[in-house]
Structure formats: C-alpha cells, structure tokens
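**Student:** With the hints as a guide, dock the two chains, each given alone in a separate frame, to form the complex.
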Amino acid sequence: MTTYIEIALNSLVLGGVFLIVAIGLNIVYGLSRVMNLAHGSLYTLGAYFGFTLVASGVNFFIALILAPILVGVAGLLIERTVISLMRKRSMVYTLILTYGLMFFLDGLVRYIWGNETRFIELPGFMKRTISVAGVNYPVFRLIILFIIAAVMAGLMLLLGKTKTGITMRAASQIPEMVSCLGISMTWVHIGAFVLGCVLAGIAGVVAGPLFTVYPTMGHQMLLSSFVVIVIGGLGSLRGAVMAALLIGLVQNLAEFFITDLAMVIVYMMMAVILAIMPRGLLGEGRFE
Amino acid sequence: MKRWLVAMLALSLILVGSGAWAAQDPIKIGVLVPLSGIVAQGGVEMRDGIDMAAKEKKTILGRPIELLVEDTQIKPDVAVSKAEKLVFKDGAIALIGVFSSGVGLALAKNIDRLGVPFLTTHVMTTEFYGLHKWVFRCGQLANDQTAIGNVNGILATPTLKDRTYYVLVHDYAWGHDAGARFIALAKKSNIKIYNDSFDKAPTSTTDWSSYISKIKAAGVDGIYIAFITNVIPVFAKQAFDFGLQKTMKIVSAAAPGPVELEAGGEACYGIFGASDWSWDVNSPTSDAWEKKYFETYKTIPSDAAVHSYVGAMNLFNAIDKAGSTDPDKIAQALRGISFDGPYGTVRISAKDNCARNDAVLTETMAASSNPYGAKVVMKVLRTFKADELGPPE
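From first to last, the protein sequence lines stand for chains A and Z. To convert, note that position 198 of the first sequence is 234 in my numbering; the numbers rise steadily by one, no gaps. To convert, note that position 1 of the second sequence is 3 in my numbering; the numbers rise steadily by one, no gaps.
Possibly wrong hints are sitting among the right ones.
[To be verified] Computed spacing ranges between beta-carbons, pair by pair: (1) D114(Z) / M313(A): 46 to 54 Å; (2) G143(A) / P66(Z): 25 to 33 Å; (3) D114(Z) / F139(A): 30 to 38 Å.
[As the list claims (entries may be wrong)] Below, in silico cross-link-like pairs of lysine to any residue (SDA-like), each with a Cα-Cα straight-line distance of 20 Å or less: (4) K77(Z) / T252(A); (5) K248(Z) / T165(A); (6) K248(Z) / G170(A); (7) K163(A) / Q247(Z); (8) K377(Z) / A91(A); (9) K202(Z) / V302(A); (10) K57(Z) / K293(Z); (11) K30(Z) / D73(Z); (12) K163(Z) / K381(Z); (13) K163(A) / M250(Z); (14) K135(Z) / S326(Z); (15) K202(Z) / A175(Z); (16) K202(Z) / Y303(A); (17) K202(Z) / Q256(A); (18) K163(A) / T208(Z); (19) K300(Z) / Y374(Z); (20) K300(Z) / I148(A); (21) K248(Z) / F161(A); (22) K202(Z) / D296(A); (23) K77(Z) / H255(A); (24) K353(Z) / Y131(Z); (25) K248(Z) / M162(A); (26) K202(Z) / V286(A); (27) K248(Z) / V168(A); (28) K163(A) / A91(A); (29) K387(Z) / S340(Z); (30) K194(Z) / A219(Z); (31) K163(Z) / M250(Z); (32) K77(Z) / L259(A); (33) K300(Z) / W149(A); (34) K77(Z) / F139(A); (35) K163(A) / A368(Z); (36) K353(Z) / D330(Z); (37) K190(Z) / R165(Z).
Hints are computed from structural coordinates only; laboratory data are not their basis. All C-beta atoms in this analysis are idealised placements derived from N, C-alpha and C, irrespective of residue type, glycine included.
Next up, chain Z with everything else stripped away, as it sits in the complex (with noise of 0.2 Å):
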C-alpha cells in the first residue's frame, strides 16, 4: 500500500511538474521585417517596435512571448522561405511584420500552405483588402487611405493647394498602386496632376539628377513621391542641391523615417504627407509610449516602430482572445479587434480584415527642444479621423 502511495505521489509529481513545464513553452511568434538592404534602419525599426509590444504584454496564453525574427532581404522568395522555416521548423503559430507589398503579396499567396495567421504592419496595398481570411493588416495606412488623406490635405493647406503636381513612383507594386491612387483621387479634386502615366523609377535608382532636370523641365510646383520610406531623405537632398525647394513643394505617399531626416537636415524640411503618427502628437498615451521607446531603444521614436508596436499588440491580444492557437480561431479573434494605442483606437475590420484608425498630416520642419535631440520634426498639421479615410464597411 505504502509503495503504491509513494508511487502515485511520484507519478502525480511527474505529470505536474511536466505541465508545469508544458504551460512555461513560449508562444512562438514569427517576425519578418528587412535587417539588410536601402531599408534596414525601417526594418528594425519595426523590429524594435514589435518587440516592445511583446515586452509589454509579456505573456500569451499563460505562455510567455518568444519573437523569431527573420530577415526578409526585402525580397519575396527570402521572405517566403524564411516564413517557411519560422512555421515548419520553428514552430511560430503567427506571422508578423513584411516591409514591401511585393513580399506581403508573395507570402499571401503562401498562406493555405503555411496555415497560419499572417498580420502585416507595413503593407499598403490596396489589394489587401479581404484577401485571405488569414491575411491581416494593422499598422501603415494603406495606399487608398493615404491618397485620401494627401488629396484632403492638399486642399486643405493653402501652400499645398492651386499647385500642379508631378508623380514619381517607385517601380515596384505598392509604388505603381499608390501613384495612380494619388492621381485618381486628386483629379476629382480638381488637384492639377502633370502627367497623368506618373513615372516610374527603379528601386535601385542613387542619382536623382535626370528625374529632378526631368521635374524642372515640366515648369511644376508641387511633386507627389512614393518612395520607400529611406529614400525619401535622399531624394529630398538631391533636389535640394539643385534648390527645387525653393518653388516646389514635395508630398510623399509615406512617411519619412526620423533618422534619415535627421541625416538629411535641412534639406528635408518642407515634406508633407499623411501617415498614422508622429512624435508631434501629444497624448497622454502617446507621450508615454515615445518616452519608453526612447529609453529602450535609445532611437527617435517612429512610425514604423509604432504601428508595429500597434499591430503586434493587437494580434498578441487576439490569440489570448481566440484562447487557443488555431489559426481560424486566431483570425476569427482578430476580425473586429481594437487596440487604444499612441494614435487613438486602432480597429481591425472585420469586413476587410484591414485597420481603421485615426491619422495625421504632418510637414517636416526644424524641430524645437525635444527629449530626443531631434533636428527635424514631422510636425502635426491637421488630424484625420478614421471615417474621413475609409474605406466605408
């Protein structure tokens, strides 16, 4: 009796301790965002703001958060592969992150075979609107909410209004999206658009030189630019030699990222467009957040990093909602989830499975005394609400 006691004592222990050790294995969360190539800075950016959501939430299920990251190289084949290592061999029950339309669209189309939620927190195109009941967007506005709110900020801004825009694009799927966007929507505004076929550069492009002789040429005032984010700063240097500043004025389809205008300096000064946040914005939440980003990642507190930041938080707190890692029950979780973060409550349609929030239009100019030693500030010109940028549900 007394050996049968001990016995089930020792097996009883056994099972707890395992499930006790079972209930310690972490959520593993798969992050795929570019650490190498023109974006880097963007991509640990979002890293850095994926992992400060994962720092604050701590645990997932009574499981603590385990962040895989990959780098995607920007390019869509290393993305899917990558992705495919984080699921079968890694074991991440989600995907996050994915800087590029092109790779968004590459690992969606992987989704079925990767059976796994993927939420994208930089992804702006338009196509992701209902694509994948297992594809998500939270985080950057997408090309259509942007369009609106440049054509809305445009006609808002008397320096910005009554100029005729020239559209340079970036030759690649979230540029050519975003250019026609742009154009479609300004010309129903009565925007005057230069050349309605935009042009288109490569993404490898360095010497801006004939698009800016190009651009003088055209006798405009105004050039829209959908650039990834670091090339913003560069192009915005080239023109400012030639002194196009002087008489146009530049709106971009995406934010600038704070530390390739701080390189920038002066030359970046007078880029306006719209985009979620800014460390302009002043909310008690907001305040707080830049403030623990600052001091954790001793960085500039940016875009990239807070919509991830955002978008991790929202899919950190569906899986606890759906309860379970089952990927349907996960995007089920996901479907209609909001997240009150630094730039108001950030809804996931249920609809569309895309974002619905809040946003601002910014103009970078010298920045005044700021705890984080900016040079340059996206100061906050006018704010957006949700409704105003669509797209109806």
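So here's chain A without its partners, still in its complex pose (with noise of 0.2 Å):
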C-alpha cells in the first residue's frame, strides 16, 4: 500500500512541473496564437536564474519569486525584438522563429553557465523525509505539490475573477470584438507571452532541485509539455491540468511496473487520445 502511495505522490509531482510548463506554452499559444518552440529554454533559464541566487545567498523562496520575474523580464525582450515583428504572418514563421530562438537561448545558457549539470542547495529542512501515511517522503516534494497548488490557484483567480484575466480569455476567444472595445491586443499579446514565461521560470525553478540543472533540460521538458497540451487539447487550460495529471500517473505506474515500455506507453495514449478526441480530453482544443 505504502508503495501505490509514494507512486500518487510521484505522479502528482511529475504531472504538477508538467502542468506547469504546459500551461504557459497553451496560455502563449491560446492567447497570442504563437506556438512557443523556445518555452522549454525558458524553463531552462528559471532554473539557471534560480541555481546564480540560491548559489549567491538568496533564500530559496525568494529565489522562487525573483527566477521567474527575470525570465518575465526575457520574455518581455523577446516578444516585444523578436516575436511581435512575425505576428501578423502565418504561424510557420513564428514556429521557425522560435526554434531558432530555442537554440540561441541554450548557447547562452552554455556560454554563461558552461555545460557542468547544476544542483540548487534547498535549505536544510526542505532535505529531510517526512512520514505521509506511513511513506518516508522528501519533505521539498511535497512542498513542490503546495507550489503547484498555488500557483494554479493564483491563474486561476487571475483568469476567472480579474479584469485583466477576463480580458485575455475573451481575446482567446473573438480578438476583434476585444479590439473593438478599444483593448490593445498589443498588451494582451505581451501579457500572455510574459505570462507563459513566468510560468516556465516558476517550473524551472521548482524542477531545479528536483531533476538537476543542464543545459538542454529543457528540451525534454518542451516535449513533455507538448504531450500535455495534445492530450488535453490545445489551448484548454482545463485540459492541460488533465492531461498533465494522467501522463505524471501513466509514467509513473509504467515506470514501475513495465519498465521498459514506459515511455512507449505515455506515446501510444498521446497517439490513441490524438486519434480518437483530436480535441482533446475535454474537447476543448482548437485547431487552425
């Protein structure tokens, strides 16, 4: 039994950073309609921005809050030299701009940070194991669970409650209508794209600890995420939270019980999902 409970809490954690970076990559392409192949390097600079604090003395909290304004701030760069110029074109360009953005961003990564694997220094009681029902279990995993948590309560109370967030959901939806109110849809692209980045430098930061830090650990992340937002169909956010749940479970359980064919079976479900709801588990996703 205590063994089905650490594999929940693993799912939960795994499917938590996925969700996490999924959701900003379906955010920046929901809103923005800008399909973000460099949203995986943007996850690994939060977690390069996290590893320079906490290796400077920052509190890890801190840190936390600090990582992602930052890669925010890189978002806000990017999107205002290099995505806003592709906007008005077809979503093929934005998808090569970003890729080629994608390998910029790891060469600067490498050229400041080098290519050593990084490990961020928790404090001391984030180190420890706590008993949850009768599993020894990392005491920053489940801190992990509670960031997670939080953060998805923090979106959606800005998506559901603000003007701001009711704002870009309905620029989601008919951005000429939004347009005609006299809403920039200059401001709400920038905001969902630093949106998405900070979400990335939040999970950067929180998988820092958890998964080691390197160069391209962004580039599975990218395509996990992307798995995610198939799965629970593109551009739905309720989807994403779905999705990113079942795939941490899925891994997890094949993991453990069929080793080998783990990742052939988070795989197969994506094709299976793909073919049989192309829009998503919720039904939610969009196509263009």
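**Tutor:** Structural data, given as structure tokens:
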C-alpha cells in the first residue's frame, strides 16, 4: 500500500511540473497564437536564474519569486524584439523563429553557465523526509505540490476573477471584439507571452532541485509539455490540468510495472487520444 | 654560365623553401566528442585530455599536431557525418575520442569507407574487441573488465558483500551490455541479483522517483547502475532525497565525473566502482599529470580526461612509430604499443586492438584538503592488475 501512495505522490509531483510548463505554453498559444518552441529553453533559463540566486545566498523561496520575474523580463524582450515582428505572418514563421530562438537561448545558457550539471541547494529542512501515510517522503517534493497548487489557484483567480484575466480570455475567443472595445491586442499578446514565460520560470526553479540543472534540460520538458497539450487539447487550460495529471500517473505506473516500455506507453496514449479525441480530453482544443 | 648558376640557386631555394613549408604542414587528427547535451561536460574533459597529449607531444613525424574538434551530440548519424567532414574535407589522418557505444559502433561500421584508423577513448562495449583492423580502444575500461573489477571489488569489500543487488541501466547498447556482463559474472560468484532481466531506463529520464520506489519496494540493499557518467550524480541525488543510501550501497559500471560529484555533494558519497584512475592515485607520474592538468584547464582532473590523454599518446606515438600516415602502417604500429602514464602501463593488445591496464576500485566520499579544492573524492580502495581484469590474450 505504501508503495502505491508513493507512486501517487510521485505522479502528482511529475504531473504538476509538466502542468506548469504546459499551461504556460498553452496560454501563449491560446491568447497570442504563438507556438513557442523556445518555451523549454525559458524553463531552463528559470532553473539557471534560480541556481545563480540560491548560490549567491538568496533564500530559495525568494529565488522562486525573483527568477520567474527575470524570465518574464527576458520574455518581454523576446516578445518585443522578435515575436511581435512575426505576429501577422503565418504560424510557420513563428515556429521557425522560436525553433531558432531555442538554440540561441541554449547556446547563451552554455556560454554563461557552462556545460556542467548544477544542483540548486535547498534549505536544510527541505532536504529531510517526512512520514505521509506510512511513506517516508521527501519534504521538498511535498512543498512542490503546495507551490503548484498555489500557482494554479493564482492563475485561476487571475483568469477568472480579474478584469485583466477576463479580457485575456475574451481575447482568446473573439480578438476582433476585444479590439472593438478599445483594448489593445498588443498588450494582450505581451501579457500572455510574459505570463507564459513567468510560468516556465517557476517550473524551472521548482524542477532545478528535483531533476538538476543542465543546458538542455528544457528539450525533454518541451516534448512532455506538447504531449500534455495535445492530450488536453490545444489552448484548453482545464484539459491541460487533466492531461498533466494523467501523464504523470501513467508514466509513473508504467515505469514501475513495465519499466522498459514506459515512454512507449505514454506516447501511444497520446496517439490514441489524438486519434479518437482530436480536440483533447474535454473536447475544448482548437486547431488552426 | 652566371645566369645558369643564378637560376639553379633560385630553383634550389624554391625547392628547399617549399620542402620546408611542406615539412611544417600539420598532422591533422579528428577529435570526435560530445560538446552539447547532458554529457557535454564529459566531452569537454575528453577534449582537454587529448589536447594535453598534443601539447606534450608537440610534433608527429616532425610536423606540428593540429586537433580538429567536432561535436558528435552523442548521435550516431551526426558523428558519422562529422567524421566524413574531418576525413574527406579537412584531411584528418586518424580519428580519436567518441563517447557512447552506439556512436562508436556506427563509426566502426563506416571505417572502411572513411579509410583512417579510429581509436576510441570512451566506448566500453565488448563488441570492440577485434572489431576491425583499423578500430582500437585505449581509454575507459571495457564492460567485461569493469564487471570483473566490480564483482571482485564487491567480494573483497565487507560492506558490499552479502547484499542483494537491483540492476538498473540506461537503455542503449552500452547499458545493456554492462548490465548483462555484471549479472552473468555476479551470479557465477554467488552475488545475489534481484532482477536477472534488469531494468532499462531511457537516457532521457530526468525523474528517477518511480525507479526509486521500485527499488525500495524490492527490499534490496544494493543497487548496480550503468548510467551515462554525468547522470550518476543526478540519480544519486534523487535517491538521497528518498533516503535510499541509508540502507543501500550503490555500485556503478562507470566512473562519475568529478565536476558533477562536486555539484551533488553529500548525496554522492558512497558510490563504488572500478575505473582506470582517480586523482587519489598516488604516484609521481599521476601527481605530476594531475597538477599540470589542473594548472592548464583549471578544473578537477577526471578519469575521462586522463584516459583520453593516454589514448591520444598511444595514437600519436604509433603514427611516429609507423613513420607514415598510411592507415595500415598506423594500425600495425598501434598493435602492441604501450604508454607509461598516470595509471601505469597501458598497452594495446596485438590480438584484439583493445587496451590492457591496471585499474582501481574507488568509493566516493568527503575529500580531505587537496590542491583542487574538491569536496568529493573517488577514494582508492584497492588496485587491480591488468591480468586480473583481462581478457586473456
């Protein structure tokens, strides 16, 4: 029984990290129609900012706030200098552009921080294990669950209860109408891109101590995020939540029971869902 | 007559001059290492080890050495196309380096077409024994040698003996070979193995929690891992988070990189494994080498760097010995050549083109004061003689 509790907790942690990255990617796509292939590299950037801050003596929780802000600033620069120029062109342009941007950011990370694997040092109390229903579980992993829950609650509040959030949601549905109301779509696009980058940054800081930090850590995460948004439905936030949790669980169970075929099962599940539910688990996905 | 003399003098000056220029044409050696991706740090250490050998050797056949470095990205297809560029476009007369058995085997398959000798300093698969007349291994221990070292090490170490081992490997040619070799040998030596058909994790694995849960559920007290060097500390760190090292010992089929060990800190204590060398080896040659390496590259000397250095020295000396850049002559010179370096005499077998050398069993632990500022050391527990590790010739 304790093993199953441990698997469930592991699934929530893994699914939670996937969720934060994927939801950032989904927001950028849903609100500004940019499929950002450099999203994984922004997640990497968040992890490295987190590492640098903590290594400089900044408290981990302060770094968890500062690093995503720095990634947000980087996102703002990217949006203003590169993405905005391509916005009116077909999506293929932004795909190629962000693909190139991914390599640029990876190279930049390697230039600044080198190739070595880095570990984000945690405060002493977070390195311990705690008994949860008879399972000795790492405290940091439990804290990650709280961080993810807090981020998701904050996001739901922002998008559901604030004027800014409601405007953003409206813009994702009928952008022309929002423009007619005198709201600048440029600001919506900037806001969406920066928000997506901040989420990637949060995921990076959280994943740093969990999976370690290295220059190409974002590539695998980008792939996993795509699986989440394909299964959840492109542009669907609720779908992404369900898909992330599902993938976390399936991957953990598969690794436990049929280790050698774990990733085959995850990708097979994506293919099956894509075939029978092309708009994702909740049928909310959009295709263009 | 005078005009003739002047013309002859001018002609001879031109000929001598051009001869001198030709003599200065560098000997080009293609260096194939991973400089991007998760093993990039290992690739940098390999490159630096080879670079150190080139700087020390200075010339081959009286000509300066030029190293042409290419990033393989540890992808077989990329490595083959980079090798083609090095040989056909840049004029490399030999290839050296290569991380990963998959990449090494892909290059070996193309060696007739490439038409140059290839010496790997890092490929561990046993398939390299006598693979091709132009393919050599001189560097990291092979899987069979590591398995013997680790099994003998387990039997000789009271804290490792009488444990049941869970075997977990990276899912590619080297990992499979390393896992199978260890299990076969361990069972012969009455070491208990929990999973004969060992688990294979994708090389892209970043979250090891489900594997750790599985190991915990198995109730074992030992883990045998065959992971890409730089991933070892990542696994150790996550295992440490779950408190695994409190009850279990980890034995590794590959030596962890010192830079990653540093980053992993306390979580990386208690990893055992057989390897060529550690900076804890104390001999005048070893001490001098590691001092020079540290001064040149400002990083902790690693196993990857030292065995790449030794492999490169054997290759460079073989070309000199061959007195030619002809691949057959270089290959002939490589067979049976030896180099006395930081871990003793490293000889390339004339029988199977692969190296024989002494090695060490190490355990990672907190380092005492040292010139490199390292906090973690691969402490030498015992030394293996080349004959003990084999294979017999």
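**Student:** Next, verify each hint and record whether it holds.
**Tutor:** Results for each hint:
1. D114(Z) / M313(A): 46 to 54 Å: Roughly 51 Å apart at Cβ, these two residues keep to the hinted range, so it holds.
2. G143(A) / P66(Z): 25 to 33 Å: holds (31 Å)
3. D114(Z) / F139(A): 30 to 38 Å: holds (34 Å)
4. K77(Z) / T252(A): It holds: about 15 Å lies between the C-alpha atoms, which stays within 20 Å.
5. K248(Z) / T165(A): Roughly 12 Å between the alpha carbons, so the hint for K248(Z) and T165(A) holds.
6. K248(Z) / G170(A): holds (18 Å)
7. K163(A) / Q247(Z): holds (14 Å)
8. K377(Z) / A91(A): Roughly 16 Å between the alpha carbons, so the hint for K377(Z) and A91(A) holds.
9. K202(Z) / V302(A): holds (16 Å)
10. K57(Z) / K293(Z): holds (15 Å)
11. K30(Z) / D73(Z): Given that 20 Å is the threshold and the Cα spacing comes to 16 Å, the pair holds.
12. K163(Z) / K381(Z): With Cα atoms ~18 Å apart, K163(Z) and K381(Z) stay inside 20 Å; holds.
13. K163(A) / M250(Z): Holds - the C-alpha atoms of M250(Z) and K163(A) are around 18 Å apart, at most 20 Å.
14. K135(Z) / S326(Z): holds (17 Å)
15. K202(Z) / A175(Z): holds (11 Å)
16. K202(Z) / Y303(A): holds (17 Å)
17. K202(Z) / Q256(A): Since the Cα atoms of K202(Z) and Q256(A) sit roughly 18 Å apart, the hinted pair holds (cutoff 20 Å).
18. K163(A) / T208(Z): The given pair, whose Cα atoms are some 19 Å apart, holds under the 20 Å limit.
19. K300(Z) / Y374(Z): Given that 20 Å is the threshold and the Cα spacing comes to 9 Å, the pair holds.
20. K300(Z) / I148(A): Holds, at about 17 Å.
21. K248(Z) / F161(A): Within the cut-off at roughly 18 Å; holds.
22. K202(Z) / D296(A): holds (5 Å)
23. K77(Z) / H255(A): holds (15 Å)
24. K353(Z) / Y131(Z): Satisfied, since the Cα-Cα distance of roughly 9 Å is no more than 20 Å.
25. K248(Z) / M162(A): Distance of about 17 Å is within 20 Å: holds.
26. K202(Z) / V286(A): holds (17 Å)
27. K248(Z) / V168(A): holds (19 Å)
28. K163(A) / A91(A): Roughly 16 Å between the alpha carbons, so the hint for K163(A) and A91(A) holds.
29. K387(Z) / S340(Z): Holds - the C-alpha atoms of S340(Z) and K387(Z) are around 16 Å apart, at most 20 Å.
30. K194(Z) / A219(Z): Holds, because 17 Å separates the two Cα atoms, which is no more than 20 Å.
31. K163(Z) / M250(Z): Holds - the C-alpha atoms of M250(Z) and K163(Z) are around 12 Å apart, at most 20 Å.
32. K77(Z) / L259(A): Answer holds: K77(Z) to L259(A) is near 18 Å, not above 20 Å.
33. K300(Z) / W149(A): holds (15 Å)
34. K77(Z) / F139(A): holds (17 Å)
35. K163(A) / A368(Z): holds (19 Å)
36. K353(Z) / D330(Z): Since the Cα atoms of K353(Z) and D330(Z) sit roughly 16 Å apart, the hinted pair holds (cutoff 20 Å).
37. K190(Z) / R165(Z): holds (15 Å)
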